[in-house]
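*Asks:* Read in the working numbering, the sequence shown has 155 at position 53, and its numbers run on one by one without any break.
It should be emphasised that the hints constitute simulated quantities derived from the structure, not laboratory data. Note that the Cβ used here is the ideal one computed from N, Cα and C, for glycine as well. Heads up, some of the hints might be wrong.
To be verified - Simulated restraints on C-beta separations:
#: 1; residue 1: Ala117; residue 2: Gly213; range: 15 to 23 angstroms
#: 2; residue 1: Pro211; residue 2: Leu178; range: 45 to 53 angstroms
#: 3; residue 1: Asp219; residue 2: Leu178; range: 35 to 43 angstroms
#: 4; residue 1: Val190; residue 2: Thr108; range: 24 to 32 angstroms
#: 5; residue 1: Lys105; residue 2: Thr129; range: 36 to 44 angstroms
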Amino acid sequence: MPKPFTEAERHEFLAGKHIAVLSVAATDGRPPASVPIWYDYVPGGDIRINTGANRRKARLIQEAGVVTLVVQREELPYQYVIVEGTVVDAETPSPRAAREAIAVRYLGPEGGRAFADQMDGTQSVLFTIRPDRWISQDYSSDFYPLE
103 MPKPFTEAER HEFLAGKHIA VLSVAATDGR PPASVPIWYD YVPGGDIRIN
153 TGANRRKARL IQEAGVVTLV VQREELPYQY VIVEGTVVDA ETPSPRAARE
203 AIAVRYLGPE GGRAFADQMD GTQSVLFTIR PDRWISQDYS SDFYPLE
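Please build the complete structure, drawing on both the sequences and the hints.
*Replies:* Pasting the structure below:
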């Protein structure tokens with residue numbers, strides 16, 4: 103049977119390197135926007151995401167002020183953490199150090215710095231999201247080693 107993560111497991115899982123799916127309500131007659139996105143998270147802290155300031159998702163995040171972030175493990179054993187959170191800060195333009203930290207998390211030091219270099223001069227926004235509600239499942243106990 104699946105079980106929810108403990109608080110410590112939840113923080114550890116979210117701090118791992120995963121691609122998240124960000125969902126935010128739409129006000130333009132379209133369904134909610136759901137997009138894959140890189141994120142930054144330190145256990146016990148807020149979640150940070152960076153995106154183009156002129157993108158639809160940035161406008162929707164600013165309008166809604168709340169988002170849902172889904173982070174999952176797609177290989178066995180399946181696991182996921184869903185965070186419903188409130189946007190507590192938006193910095194435009196995104197600070198270089200924050201953009202680089204997020205890129206380094208996914209691309210490593212050299213690739214992350216190069217990616218951040220490419221973003222210099224572009225309009226970007228760094229959103230800080232406070233986790234308000236957590237939903238998690240760990241299916242580890244449902245799968246047994248194959249003999």
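*Asks:* Provide an ascending list of the numbers of those earlier hints which the structure does not satisfy.
*Replies:* 2
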